[in-house]
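Protein chains in written order, with the working numbering: chain A, 1 to 348; chain B, 349 to 696; chain C, 697 to 1044.
None of these hints come from the bench; they were simulated from the model. Here the structure is a predicted model, which is why all the values come from computation and not from measurement. One or more hints might be untrue.
Calculated pairs, DSS-like style, for lysine-lysine (alpha carbon to alpha carbon, straight line, at most 30 Å) [as the list claims (entries may be wrong)]:
1. A/119 <-> B/406
2. C/815 <-> C/960
3. B/550 <-> A/119
4. B/505 <-> B/406
5. C/960 <-> C/754
6. A/157 <-> A/58
7. A/119 <-> A/20
8. B/467 <-> C/898
9. B/612 <-> B/406
10. B/612 <-> A/119
11. C/815 <-> A/58
12. B/368 <-> C/898
13. C/754 <-> C/815
14. B/406 <-> B/467
15. A/20 <-> A/58
16. C/754 <-> B/467
17. C/898 <-> C/754
18. B/467 <-> B/612
19. A/157 <-> A/20
20. C/815 <-> A/264
21. A/119 <-> C/754
Chain B regions said to be covered by chain C (calculated; three or more residues, Cβ under 8 Å) [unchecked claim]:
22. 509-523
23. 681-692
Positions of the beta carbon are idealized from the N, C-alpha and C atoms, including for glycine.
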Amino acid sequence: MQRLMMILLVITVPLSVIGKYMHWSELALFAIACAAIIPLAGIMGRATESIAIHSGPKIGGLLNATFGNAVELIIAFFALREGLIGVVQASITGSIIGNLLLVSGLSMLVGGIRHPQQKFNRIIAGTNAAMMLLGVVIALVIPAIFSLSHPDRIDIKLSIGVSIVVMVLYLLGLFFSLYTHRNLFNYTEDMHPEEAEWSVGKAIGVLALATVAVAFESELLVHTIDAVSQQLGWSEVFIGVIIVAIIGNAAEHSSAVLMAWRNKMDLALEIAVGSSLQIAMFVTPVLVFLSLLLGNPMSLVFTWPELAAMVLSVFLINFLAQDGESNWLEGAMALGAYVIIGIGFYFL
Amino acid sequence: MQRLMMILLVITVPLSVIGKYMHWSELALFAIACAAIIPLAGIMGRATESIAIHSGPKIGGLLNATFGNAVELIIAFFALREGLIGVVQASITGSIIGNLLLVSGLSMLVGGIRHPQQKFNRIIAGTNAAMMLLGVVIALVIPAIFSLSHPDRIDIKLSIGVSIVVMVLYLLGLFFSLYTHRNLFNYTEDMHPEEAEWSVGKAIGVLALATVAVAFESELLVHTIDAVSQQLGWSEVFIGVIIVAIIGNAAEHSSAVLMAWRNKMDLALEIAVGSSLQIAMFVTPVLVFLSLLLGNPMSLVFTWPELAAMVLSVFLINFLAQDGESNWLEGAMALGAYVIIGIGFYFL
Amino acid sequence: MQRLMMILLVITVPLSVIGKYMHWSELALFAIACAAIIPLAGIMGRATESIAIHSGPKIGGLLNATFGNAVELIIAFFALREGLIGVVQASITGSIIGNLLLVSGLSMLVGGIRHPQQKFNRIIAGTNAAMMLLGVVIALVIPAIFSLSHPDRIDIKLSIGVSIVVMVLYLLGLFFSLYTHRNLFNYTEDMHPEEAEWSVGKAIGVLALATVAVAFESELLVHTIDAVSQQLGWSEVFIGVIIVAIIGNAAEHSSAVLMAWRNKMDLALEIAVGSSLQIAMFVTPVLVFLSLLLGNPMSLVFTWPELAAMVLSVFLINFLAQDGESNWLEGAMALGAYVIIGIGFYFL
Chain A
1 MQRLMMILLV ITVPLSVIGK YMHWSELALF AIACAAIIPL AGIMGRATES IAIHSGPKIG
61 GLLNATFGNA VELIIAFFAL REGLIGVVQA SITGSIIGNL LLVSGLSMLV GGIRHPQQKF
121 NRIIAGTNAA MMLLGVVIAL VIPAIFSLSH PDRIDIKLSI GVSIVVMVLY LLGLFFSLYT
181 HRNLFNYTED MHPEEAEWSV GKAIGVLALA TVAVAFESEL LVHTIDAVSQ QLGWSEVFIG
241 VIIVAIIGNA AEHSSAVLMA WRNKMDLALE IAVGSSLQIA MFVTPVLVFL SLLLGNPMSL
301 VFTWPELAAM VLSVFLINFL AQDGESNWLE GAMALGAYVI IGIGFYFL
Chain B
349 MQRLMMILLV ITVPLSVIGK YMHWSELALF AIACAAIIPL AGIMGRATES IAIHSGPKIG
409 GLLNATFGNA VELIIAFFAL REGLIGVVQA SITGSIIGNL LLVSGLSMLV GGIRHPQQKF
469 NRIIAGTNAA MMLLGVVIAL VIPAIFSLSH PDRIDIKLSI GVSIVVMVLY LLGLFFSLYT
529 HRNLFNYTED MHPEEAEWSV GKAIGVLALA TVAVAFESEL LVHTIDAVSQ QLGWSEVFIG
589 VIIVAIIGNA AEHSSAVLMA WRNKMDLALE IAVGSSLQIA MFVTPVLVFL SLLLGNPMSL
649 VFTWPELAAM VLSVFLINFL AQDGESNWLE GAMALGAYVI IGIGFYFL
Chain C
697 MQRLMMILLV ITVPLSVIGK YMHWSELALF AIACAAIIPL AGIMGRATES IAIHSGPKIG
757 GLLNATFGNA VELIIAFFAL REGLIGVVQA SITGSIIGNL LLVSGLSMLV GGIRHPQQKF
817 NRIIAGTNAA MMLLGVVIAL VIPAIFSLSH PDRIDIKLSI GVSIVVMVLY LLGLFFSLYT
877 HRNLFNYTED MHPEEAEWSV GKAIGVLALA TVAVAFESEL LVHTIDAVSQ QLGWSEVFIG
937 VIIVAIIGNA AEHSSAVLMA WRNKMDLALE IAVGSSLQIA MFVTPVLVFL SLLLGNPMSL
997 VFTWPELAAM VLSVFLINFL AQDGESNWLE GAMALGAYVI IGIGFYFL
């Protein structure tokens, strides 16, 4: 698997540089950038992991919890700089529903085919359910509804306030899982390898290189979305919600499904739900603040279809997880919901 | 009880034929058709049951799961042919909320009066909760929200896509309960008599006759709704949501309440929730496809009051069922919600 | 604590009388009235408690359950008489979200700092969850959605019907907790002192005096809201939702937090959730009926921000409580949600 990823990397990154300067078609460049980001995201994850192991469990947990979605952040940064706020919001939406429905769904389905009934910690599932209700539903519904009747931009002020509250709660959540209630999360030690793959120096070097490459590919991706949208007849929202999100989260997808196959359902859900929470409660607030600095302020007011997709995903996954058990049918339901939402965005 | 039903049948069916050709008032014809459909629905259920027993548990389960709501399908067919899409959607809404709130509510109330606390399988309740969230909430909210901003008919294309996904999930659900996780549903063996009431030949004959009669009464019902609505001052939606739905589900009502009285709460909820799921995930998609053939395409975009009624019913019943226990107060709550929604449709 | 309250009382009540007749600034009068209502609400609670103890557990439970929010009722009465329907609806909203998020949240946070994991009765939490879904979500969403498409006032007729159903269910709920399922609620005996603080005669006297004083302060409060709103630049809705609600519920706040600190989480949640249910299912219907008598009919159609705030609060608290356990992070989440909603109302 890792060898395959290296080959993909070695082919796509040079190709994209060549393609850009030889003015290949935008569709080709978009496809190559997508193909390059998948292994780069994997490498960045492994480098962060190595640094985290060298830093000890607490700082390491913090590093994983804040840099785990660095690729999404980089893609969004370039989109924000271009003023493509719709694309940023679409890719946030896509990451959240992709992790909640596609990653959890595939994990429950694949794990459930091998194991008739899979169990996971109900206390954590309950805490995560409430966290998602807060970080996704409340944090996004309140700005949407409260700015309905106000044509003047209360949405930006409101979004800044909400972003601060949400980020404080995310940090309190880290304090909870890494410090006061660490024992509840013991199982996550299995998630991380015991020995670092690389030395700190090498890991930082790899991370720096990969970040530069991701930045290059992300810029290419963002610049070609418009043309790809017109040529394929897909809306920009569909590309942002479905395509970009799948690429950015490919690494999470494969590890979560592997954990589920090994009947470590706690880990699989931790990856899927943890990643959604990170996008909603850390990446999104950071992007709101960043958008102010870049002069293209982004609010937390998403389109109604995006909002509906996220809210329904949270409710479905909460109902699926509330009994602390899963089976293949529940996985099929999550995937079915993802397909329904995908069809919706396709026709938008 | 069965004798009473036979007497009702022998009186109402001939009366409705006589009445139709002697051009009795539409109000009278509507009332007679309603009174005839109740015992006919009961007989069709018993005939299907007999065929199911002769076919063995798996084919039998499939038969029950697909033909259990044949009456609703026949009524809807005639309404669709007349282009009365609003009436079809209202009767779908009415069947779903009637089963979820009225049937479950009466079961919990009547059972709860005799037994202080009634228990049922939480795993199944959880799976059903997620299934309803998918088949009712997600499958209907996504088309409603996504077609809000699109005046052109993306709703039909979207509804076809969603209907296919929903029906596949319903079939997977049958595969789950009849095959891979059959043992979870052992208790449902109590629901079906051990010996068939009729031979296969006789059952098929009864079914054919009853279907013809139901078809006749359904056509009468559909043709008189408009006049009844004007004469009584009730909206067509109220008639569809409340009156037609109660008639079509009278058989389920009585069996579920009987099971609850005997403290077989698993069976009572299986009837109520199973019937809702069948309407939402099998009958509704079939009607969407049928409406295309009939040239009066019906989408999954319901009115906002209908959507709100269905979504709130699903959430209430999920909250009531999530702890695997019920009492008379929970039954009273479900009935109270049904009355609130009924008042709403009355004033529409 | 009680001595402090008495000092506050002895200072603020005379001051508010003097201030009113000397025409002090409205901001000063508003602040004094607020400061006076806090101890008066406490005294009314203690007097009701004494009468309840003398009346035995059943009549006593009924008294507590119906007069526990007398202060909110009196404030709302004066606002209704002035035709300030928006202020009444805002203070209902504020009481509900204040009890659900602020009182529960503070209890879970403060209790959770001392006790890593606090448990409470899941059966009661489940029943309360369904009751809130009915009394807050269904009872308010149905009128809002169903009157969307009807510019003529179906909302008043609908609201009267819904109010009757909701109040009947509230009374059935009392019958459940005081009579048929009394044993489930045994723990609440700890909530009430064994001996009455005052004799019946003295308690009635204190109650009468305090009611007169509260009525005086409430009238002052209602008359000064408009001026305060203009001078501070706060919307009337913000004052109603946040300020008035905190004042009216200060007594509940302190007792609930104290119970949580002593690890009596059942009692803390009983106070918070019980008070919300009382506002939604008893005080609100009474105000609907009262508004008809006063000639300023109030419907159950709240503004969308108010509705969203209440619905989301119910869902959050239901997700937090469904596992029968709480911790400090869950408390922080409820408080975070309260701050997010507060920011929203501030910017409205």
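Results of checking the hints against the structure:
Taking the CA atoms of residue 119 of chain A and residue 406 of chain B, the gap is about 28 Å. The hint holds against a cut of 30 Å. Using a Cα cut-off of 30 Å, the hinted pair residue 815 of chain C and residue 960 of chain C holds, with the two alpha carbons roughly 9 Å apart. Taking the CA atoms of residue 550 of chain B and residue 119 of chain A, the gap is near 48 Å; set against the 30 Å cutoff, the hint is violated. Of the supplied pair hints, the one linking residue 505 of chain B and residue 406 of chain B is violated, its CA atoms being roughly 34 Å apart against a limit of 30 Å.
As the CA atoms of residue 960 of chain C and residue 754 of chain C are separated by approximately 22 Å, the hinted pair is consistent with the 30 Å bound. Restraint check for residue 157 of chain A and residue 58 of chain A: the C-alpha separation of about 34 Å exceeds 30 Å, so the hint is violated. About 49 Å separates the Cα atoms of residue 119 of chain A and residue 20 of chain A, which puts this hinted pair outside 30 Å; it is violated. With a C-alpha separation of about 48 Å, the suggested pairing of residue 467 of chain B with residue 898 of chain C is violated against the 30 Å cut-off.
With a CA separation close to 22 Å, the supplied pair residue 612 of chain B and residue 406 of chain B stays within the 30 Å bound. Between the alpha carbons of residue 612 of chain B and residue 119 of chain A the distance comes to roughly 27 Å, so the proposed pair stays at or under 30 Å and holds. The hinted pair formed by residue 815 of chain C and residue 58 of chain A meets the criterion: a straight-line CA distance of about 28 Å does not exceed 30 Å. For the suggested pair residue 368 of chain B and residue 898 of chain C, the alpha carbons sit about 75 Å apart, so the restraint of at most 30 Å is broken.
Only pairs whose Cα atoms come within 30 Å are accepted, and residue 754 of chain C paired with residue 815 of chain C is accepted, the gap being roughly 27 Å. A distance of roughly 27 Å separates the Cα atoms of residue 406 of chain B and residue 467 of chain B; the hinted pair therefore holds under the 30 Å criterion. Taking the CA atoms of residue 20 of chain A and residue 58 of chain A, the gap is near 42 Å; set against the 30 Å cutoff, the hint is violated. Of the pairs offered as hints, the one joining residue 754 of chain C and residue 467 of chain B holds, with about 28 Å between alpha carbons and a cut-off of 30 Å not exceeded.
The straight-line distance between the Cα atoms of residue 898 of chain C and residue 754 of chain C is roughly 21 Å, inside the 30 Å bound, and the hint therefore holds. Using a Cα cut-off of 30 Å, the hinted pair residue 467 of chain B and residue 612 of chain B holds, with the two alpha carbons roughly 9 Å apart. With a C-alpha separation of about 39 Å, the suggested pair residue 157 of chain A and residue 20 of chain A falls outside the 30 Å cut-off, and the hint is violated. A distance of roughly 27 Å separates the Cα atoms of residue 815 of chain C and residue 264 of chain A; the hinted pair therefore holds under the 30 Å criterion.
The straight-line distance between the Cα atoms of residue 119 of chain A and residue 754 of chain C is roughly 44 Å, outside the 30 Å bound, and the hint therefore fails. Under a criterion of three residues with beta carbons nearer than 8 Å to beta carbons of chain C, the stated coverage of the stretch 509-523 of chain B fails, only 0 such residues being counted. Residues of the stretch 681-692 of chain B with a Cβ under 8 Å from some Cβ of chain C number 8, which satisfies the need for three, so the listed coverage holds.
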